[in-house]
Amino acid sequence: MLEGDPCTILENEFVKPGKGQAFNRVKFRNLKNGRVWERTFKSGESLEGADVVDIDMEYLYTDGEFWHFMRTDGSFEQVAAAESAVADCKDWLKEQDVYQVTLWNDDPIAVTPPNFVELEVTDTDPGLKGDTANGGTKPATLSTGATIKGVPLFINIGDILKVDTRTGEYVSRAKG
Amino acid sequence: MNLAQRLRLRAQTLGAIRAFFAARDVVEVQTPVLGPATVTDPDIESIAVPGYGFLQTSPEYQMKRLLSAGAPSIYQLGPVFRHEERGRLHNPEFTMLEWYRLGFDDQQLMQEVAELVAVVLGPGNVQTVTYQQLVGDLSDRGNVQRSELDLRFAEACESLQPGRFFVVDYPADQAALARLRPDNPSVAARFELVIDGVEIANGYWELLDPTEHERRFAADRVRRKTLGRMDVEPDQPFLAALRSGLPNCAGVALGIDRLLMLAQNADRLDEVLQRPEI
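One line per chain: the protein sequences are A and B, in this order.
Quick note: to get my numbering, add 77 to the position in the first sequence (first position is 1).
Quick note: to get my numbering, add 1 to the position in the second sequence (first position is 1).
Hints are computed from structural coordinates only; laboratory data are not their basis.
Treat the hints with care, as some may be off.
[Claimed, not checked] When the alpha-carbon atoms are kept at most 25 angstroms apart in a straight line, the in silico DMTMM-like pairs for lysine to aspartate or glutamate are as follows:
#1 A:104 x B:170
#2 A:226 x B:221
#3 A:119 x B:116
#4 A:119 x B:221
#5 A:119 x B:271
#6 A:119 x B:106
#7 A:119 x B:85
#8 A:171 x A:236
#9 A:109 x A:165
#10 A:226 x A:197
#11 A:104 x B:221
#12 A:96 x B:85
#13 A:96 x B:170
#14 A:96 x B:174
#15 A:104 x B:42
#16 A:109 x A:135
#17 A:239 x B:170
#18 A:171 x A:184
#19 A:215 x B:272
#20 A:109 x A:122
#21 A:96 x B:26
#22 A:239 x A:174
#23 A:215 x A:236
#24 A:119 x B:215
#25 A:96 x B:156
#26 A:215 x A:184
#27 A:119 x B:184
#28 A:119 x B:174
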């Protein structure tokens with residue numbers, strides 16, 4: 078917890094002059110607003126731990142205002158995440174797939190997609206036969222509404238693509 | 002740099018350092034890595050080995066005992082250990098080069114340090130900055146906590162780049178085991194070498210007075226208590242050696258892994274440690 082908000086530690090650098098006190102230079106991401114903060118702490122200083130848990134949940138649907146997820150432990154318990162929690166992964170949400178939901182005091186504050194998702198192509202320029210080895214690329218629109226660039230020319234509507242959610246880039250054709 | 006290149010660079014560097022000292026008639030020694038006593042320095046924690054004592058954080062006391070017993074100028078290359086120091090520029094075990102020159106003062110030793118570094122990194126000018134230039138005006142010192150000062154110092158050292166810098170004129174309460182400057186006792190005859198923002202070496206025109214040593218050890222123990230650290234008994238054989246007489250000398254400790262890191266343009270210590278998986 079930093080200034081009342083739950084944060085995740087991105088980097089923690091140990092700094093110490095040979096004959097001096099040790100410090101930790103820490104980079105945090107504020108889980109509520111996504112901002113990155115840098116703070117330096119004396120060795121031995123402490124912060125309150127945030128009551129934050131990451132659990133796997135299945136994405137059900139959106140009603141336009143909330144995105145609904147369900148626990149996968151058989152309890153069928155559901156949570157509704159506001160847009161701020163799904164902002165970074167809306168492009169990769171596919172119904173019935175499992176995502177990591179970060180709960181702070183049982184409130185969903187962040188949703189993290191798997192590193193790779195497989196999504197269907199709903200729109201792209203027609204495929205060019207025989208151009209499988211090298212050559213150009215084109216954009217493609219996926220079933221979630223996301224548009225990705227750098228898709229090979231041989232990809233057709235209806236193909237399932239494997240996409241890296243960290244970079245938003247095409248990885249391979251899954252099947253089709 | 003691949004593994005074979007890194008191993009060769011380290012071996013060649015150690016060879017060049019040994020040749021450097023052989024040419025100057027400085028004798029290599031190998032003092033125990035595991036000793037019954039350790040340092041009182043409040044900001045250095047030792048690794049205890051139950052039933053034996055402590056892994057040495059530097060060979061300083063053992064080498065000074067040799068000097069007090071009549072050793073000539075000596076150097077040592079070997080592992081030293083620091084509890085809970087791990088990071089981009091830290092590892093709990095690292096290789097230290099430490100040497101002592103009979104009859105030298107800090108100025109003469111700084112000259113030699115610059116020459117040794119040139120053997121490893123190639124020729125280069127070394128600029129000199131004072132502690133005060135780095136941390137700013139100390140007239141409000143009474144209100145500035147030591148931890149705040151250490152942080153300012155650490156960050157100022159990181160900004161000393163590119164290039165080679167000697168930091169001099171440490172305040173008297175950060176003398177460690179350096180004598181105070183005879184012409185200006187508000188500063189210590191202590192220097193550090195910073196290269197490209199990385200602390201490389203720390204040296205002293207050595208304090209000889211055994212009573213002053215005892216006073217500084219007692220002050221260390223008070224500060225340890227304030228900081229909630231483990232109490233450390235002063236090293237009695239070391240104090241006995243000082244009473245028998247440490248000859249006038251200057252000494253310096255230099256981090257070999259960090260020097261190799263700079264020599265191979267790496268920015269993490271991990272990249273020079275001799276582990277096959279990197």
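Status of each hint after checking the structure:
1. A:104 x B:170: Outside the cut-off at roughly 33 angstroms; violated.
2. A:226 x B:221: 62 angstroms, violated
3. A:119 x B:116: Violated. Residue 119 of chain A to residue 116 of chain B sits at ~36 angstroms, over the 25 angstroms cutoff.
4. A:119 x B:221: Status holds; Cα separation ~19 angstroms.
5. A:119 x B:271: Holds. Residue 119 of chain A to residue 271 of chain B sits at ~24 angstroms (cutoff 25 angstroms).
6. A:119 x B:106: This hinted pair is violated, its Cα atoms lying about 35 angstroms apart.
7. A:119 x B:85: 14 angstroms, holds
8. A:171 x A:236: 15 angstroms, holds
9. A:109 x A:165: Between residue 109 of chain A and residue 165 of chain A the Cα gap is close to 12 angstroms, so the pair holds against 25 angstroms.
10. A:226 x A:197: Holds, at roughly 15 angstroms.
11. A:104 x B:221: 32 angstroms, violated
12. A:96 x B:85: It holds: about 15 angstroms lies between the C-alpha atoms, which stays within 25 angstroms.
13. A:96 x B:170: Distance of about 14 angstroms is within 25 angstroms: holds.
14. A:96 x B:174: Holds, at roughly 11 angstroms.
15. A:104 x B:42: This hinted pair is violated, its Cα atoms lying about 30 angstroms apart.
16. A:109 x A:135: 22 angstroms, holds
17. A:239 x B:170: This hinted pair is violated, its Cα atoms lying about 61 angstroms apart.
18. A:171 x A:184: Within the cut-off at roughly 21 angstroms; holds.
19. A:215 x B:272: 40 angstroms, violated
20. A:109 x A:122: 23 angstroms, holds
21. A:96 x B:26: Given that 25 angstroms is the threshold and the Cα spacing comes to 30 angstroms, the pair is violated.
22. A:239 x A:174: The hint holds at about 14 angstroms.
23. A:215 x A:236: With a Cα-Cα distance of about 14 angstroms, the restraint between residue 215 of chain A and residue 236 of chain A holds, given a limit of 25 angstroms.
24. A:119 x B:215: 28 angstroms, violated
25. A:96 x B:156: 14 angstroms, holds
26. A:215 x A:184: This hinted pair is violated, its Cα atoms lying about 40 angstroms apart.
27. A:119 x B:184: 35 angstroms, violated
28. A:119 x B:174: With a Cα-Cα distance of about 20 angstroms, the restraint between residue 119 of chain A and residue 174 of chain B holds, given a limit of 25 angstroms.
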